[in-house]
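Let chain A serve as the given structure and place chains B and C on it in line with the hints.
Protein chains in written order, with the working numbering: chain A, 1 to 169; chain B, 1001 to 1328; chain C, 2001 to 2706.
Just so you know, these hints were derived from the structure itself, not from any lab. Just so we're clear, the structure is a prediction, and the values are computed from it rather than from any experiment. Please note that the accuracy of each hint is not assured.
[To be verified] Only part of the chain C face toward chain A is listed, based on derived beta-carbon distances under 8 Å: (1) E2108; (2) F2353; (3) A2577; (4) R2578; (5) P2580; (6) D2582; (7) A2607; (8) P2609; (9) G2616; (10) Q2620; (11) P2639; (12) M2642; (13) G2644.
The beta-carbon is built from N, C-alpha and C at its ideal position, and this holds for glycine as well.
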Amino acid sequence: MSSVHRTPVDAARSSRATPPSPIPILDALLDGPRDRLAAVVARLDLDAGVTFMHEGETTDFLAIVVEGRVGLQMRVPERGAITILTLDPGDIVGWSAIVAPYRATTSASTLEPTELAIVEAETLRDLLAHDPELAAALLPLVLDTVVARLAATRVQLLDLFQGRETDPW
Amino acid sequence: MDVGVRAAVPGPARGRSTRRARVGVVKFASCDGCQLTILDLEDRLLEIAERFEIVEFAEATSRRSSGPFDILLVEGSISTADQVVEIARLRAEAGLLVTIGACATVGGIQALRTAAEHEAFRAAVYPVPAYVASLATARPVADFVQVDAELRGCPIDPGQLMELLTALTTGRRPQLPDQAVCLECKRRGIPCVVVTEGLPCLGPVTLTGCGAICPALRRGCYGCFGPRESANAAGLAQFLMSGGPAGEHPALEPADVGRLFAGFTGAAGPFRSVTDALVGRPPLSLRSTLASPPETVRDGPPTWGPAKDSVAEQVAATEREERHGPRR
Amino acid sequence: MVTRAPDVTLVGADESTRRFLPRDRFDDLIAALATGGRRVIGPSVVDGAIVMADLERAAALPVGMTIRSAPGRVILEPLPDGPARRRTFHYPVAGDGAKQTLFPSRVEALSVETAPDGAVRVRVVTPGDVQPIAIVGTRACDLAALAIHDRVLLDGPASDPDYAARRADVLIVAVECALAGSTCFCASMGTGPEVTSGADVILNELDGGFIVRAPTIAGERVVSSLHLDPAAPAAVARAAAEVAAVREMMGTGAVPENVRDVLLANLGHARWDEIAERCLACANCTLVCPTCFCTGPVVESDMEGRASTSVRAWDSCFTEGFAQVAGGSFRSRPRDRYRQWLTHKFATWWDQFDSSGCVGCGRCIAWCPVGIDIRKELTTIAASSAVPPVAAFRDRWVETDAGPAGLGVADLGVAELADARVADAGFAGVAPAPGRLHVDYATTNVAMVRQETADTTTLRLRTDDPGLLAGQPGQFVMVAVPAFAIPPISVSRFHPDGLELTIRAAGAATSFLTRLRPGATLGLRGPLGRPWPLHDAIGRDVVIVAGGIGLAPLRPLIDAIVRERDRFADVRLYIGARTPRDRLFVDEIDALATREDMIVRVTVDRAGPDWLGRVGIVTQLFRSVVGTGRDATAFICGPERMMGATADVLGDLGVPREHLWLTLERHMDCGVGLCGHCQFGPRFVCRDGPVFSVAELGEDLRIEGL
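Next up, chain A with everything else stripped away, as it sits in the complex (with noise of 0.2 Å):
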């Protein structure tokens, strides 16, 4: 049991701070496949409002949020630029450097000055396809962002905080 205290928390730092690497997810890795892919990360400091991906485009890169905020966008022409989903970090935006053909599903900019940790696709996709124990352990983690994607998108179709007409009283 944590002891009571009445220090300033921030949750960002306290409760993700993690020593041995800066990029969260990364951690899950295992000694090999992490050292392998850290060597091909680099970090990517944007100021707020910045677009980095575009909605479809190629996909530059995979990126992981390491500080900041970022939106996805779609844009719907009656309405703009509209945001369907924002990230915090440790999560990921970009899987579609990995899935062909390749292309953004949605834009992605920051909200806030932000902080990536990236791989560049092309060297992302050939590390995949040469390292199987690197490929292994990263894609479950890419899919399991896709996933949670899609399971957070049905959850929104049921719409559960519309007031519906119907109650008995």
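Coordinates of chains B and C only, in the frame set by chain A:
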């Protein structure tokens, strides 16, 4: 078909307006019995008139007025091409459209023709059938326009009508039960006619609201309020043919059971499925119905489907047929 | 409050006090019962059945008649020629017992009116001058049923005022059965055929008259006034032999022995679907059942809408509306309704009232219009599987600060309340509140109205009712205004001089409430229900997850935590809303978000381009948060689907099931466990909940139609 009350009913709710709500009462193919039920509210009519301005009421006044109506009570089923146009016009002029009675809500007794040979009927009844411009079907109003609330019954129950009007003036939801007639029998302490006398009774599958009039007079319910929600008409039909689990009930012939469901609300889905399965459709031929004494028809075999099929299977077969055409 | 007369057993009511009442003196017994204006009720032939009716003369009894019963049949027949031909009670069981008389199908329960001064007054209606009643001809099964009704309607956390009044002075003249029907199985349920308790006078009918016993003082007073001769030992023996023969005839194996466990272990049995093909869901079984007690309100109002009466009418779990809430019905399939009836009667009744709900009278079999025999159905289900014992509901139910028997504070004085608060480790707002739930309404005034969103309004109410002021976070109130049904509404904030209700216009009554203006009054009853067990979070991390209107019942909890912030470790608040415009209490939440000692995250399902906050479902807010696990207590409120998903995710993050608390929504008409609507398995959501831990709920949330 089973519209119930779709939404909290808008209308002259408390505190909104001091203007009396404009009410119209119109009819299509029907006997006017439901309109007479309104007039039967005698001692409440003044109270009603204080709050509702009745601007159109064919049965009560020769005065004619046009919309818009805050509330439009519609009696009768839609049976002619002109009526199809008229109901669409009225819908556009009505704030709240309430269908009243078995004809308006499920088609009424005339909807039985939907299952028969319309041309032959017409030719048998009218000397010059060409003068009679009627559709081949008599259908509920809800098949054509959106209905906001419905009062079932043949005729409607004056208490339910008062409840609707009271709910409209106070802004609350009208309390129109979704329960079987059985609950009314038990609450009134009426001994069940099925159990005590072995009579066939549609009460278990029929919507209450009538106050269980027929069982109170030791008659089986004939379903004039139509099916309730989750009406297990197939289960009841199966029971009526079986003689009961203890063999203590009369076992009815399938065709008789089918006709039991073919009454004022026989066009309603759950009831019609039973009739279709047990009596058959369309071979319920006009010629045999008119030319033969009823007994002949009564004794006739089911027109299709082996009698040993459970009703549920036969109902399923009918529904299949409706989707995919008759099985050959 | 009126309570029923004590069941005083007369010492020495043994063989020596048995007397003989000749048949031709039965009128004298009726007259003796009627002394002092007592209304006498007894069996009578009406419309081909034997039912209870006012009884003035013995000739009105079903003399020479009997009943032959079978599944789906009750056949009234003359007794065959022979010495028993003149008997009066020689039928198995009447169409009704005491229920019609003491728990009538329709009674006026509440009157709600706008007084001339404009204030809404709610009055609990009790029958003004209930005549003392004598019921003649009651059988052992019906006496057992009466005892069950007493337990349900009088002895629980709340009493039914109407039943209490009618039950106050009832004299029972019981008859031991000399004949069993094919549908009778009281011996299997342990309730008969011998009359062992609950009767004031016990009759055994013989061909020439009656053996009479009077086990209570009230009964003895009646019998001794008749100056009867002692019964002959041979006659006493003959009567006993007839009752023994009835027991023999019925046997004792009609119902599987471990029926409770059998049913609870077979909620997914294929037999439920099979029964649903035959069952018409007509509700007859529940309405003839002498222990069924579920009721629903019918509002009768004048056209002005200034005054209305709420009628308490028999209702049934076989109707769709029974389990209706804003999103639909929890039991839309007749299969689920039949399962609810049978499992309640034979299984969860034990959890609720520590007895079976069935007394073996067999009415549900005889009066089922398609003759479904529960004995056969139970035996079939039991035959199919080995059954593990299912833990009793109470064993899974964690005693929180206010236990199931005492969630309200109605009968506590203000001083006692203060004491209770001090006693509870000094934590204000989560005081234990023993006492009975009350059924009275207080008039409260609308002091302020705040429009929260397009369809949601907060009413700030003022009251000096000590009960209402002593409410705890998570509790709800019943809200009455003339002409409308009475919805349960969670309290969204407590003040020293009142409380707040945050109401979404989801139906006619709630729409009306959201349109109220300052100065309006309404009737309030409560606070009701089990509060959030805040003490479970003391010293621990706190995770609060709210979806939509679910933030309202959590707001008093948040208030309490903020007030005593240093008693908790990390505090995290996650809020989901449909759109940015549907967020509740925006300013307050924004203010909380600026605190350094709390994490506040808000997400919406959908948003326009002008929304810079989070988009997505609420579970995504803490998907990647680790470290909240074992040491956290979570409080969750929102749509049931959302709460289930949230509990799953938090469970995966390590939060123990017994520290995951959520609040269920079910149809509630009474709020105190009397109307029966809100049952969820063994629980009355209104008084055992609405707050439950995931551990308490077990797998029940995953069972469709429970």
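Checked hints:
1. Restraint check, E2108 (chain C) versus chain A: the minimum CB separation of about 19 Å is more than 8 Å; hint violated.
2. Given the 8 Å rule on beta carbons, the hint for F2353 (chain C) is violated: about 26 Å separates it from the nearest Cβ of chain A.
3. Contact between A2577 (chain C) and chain A, as hinted, is supported at the beta carbon level, the nearest pair being about 6 Å apart and thus within 8 Å.
4. For R2578 (chain C), the suggested interface contact is upheld, since its CB lies about 4 Å from the closest CB of chain A, less than 8 Å.
5. The closest approach between the C-beta of P2580 (chain C) and any C-beta of chain A is roughly 11 Å, which is over the 8 Å cut-off, so the hint fails.
6. Checking D2582 (chain C) against chain A: minimum C-beta separation of about 7 Å stays under 8 Å; hint holds.
7. A distance limit of 8 Å between C-beta atoms decides the matter here; for A2607 (chain C) the minimum to chain A is near 6 Å, and the interface restraint holds.
8. Evaluation of the P2609 (chain C) hint against chain A yields a held restraint, the C-beta minimum of about 5 Å falling below 8 Å.
9. Restraint check, G2616 (chain C) versus chain A: the minimum CB separation of about 5 Å is within 8 Å; hint holds.
10. For Q2620 (chain C), the suggested interface contact is upheld, since its CB lies about 6 Å from the closest CB of chain A, less than 8 Å.
11. The criterion of a C-beta within 8 Å of any C-beta in chain A is met by P2639 (chain C), whose closest approach is roughly 4 Å, and the hint holds.
12. Below 8 Å, beta-carbon pairs count as interface contacts, and M2642 (chain C) has one with chain A at about 5 Å; its hint therefore holds.
13. Taking 8 Å as the C-beta cut-off, the interface hint given for G2644 (chain C) is violated, the closest approach to chain A being about 11 Å.
Checked against the numbered hints above, the structure breaks hints 1, 2, 5, 13 and satisfies the rest.
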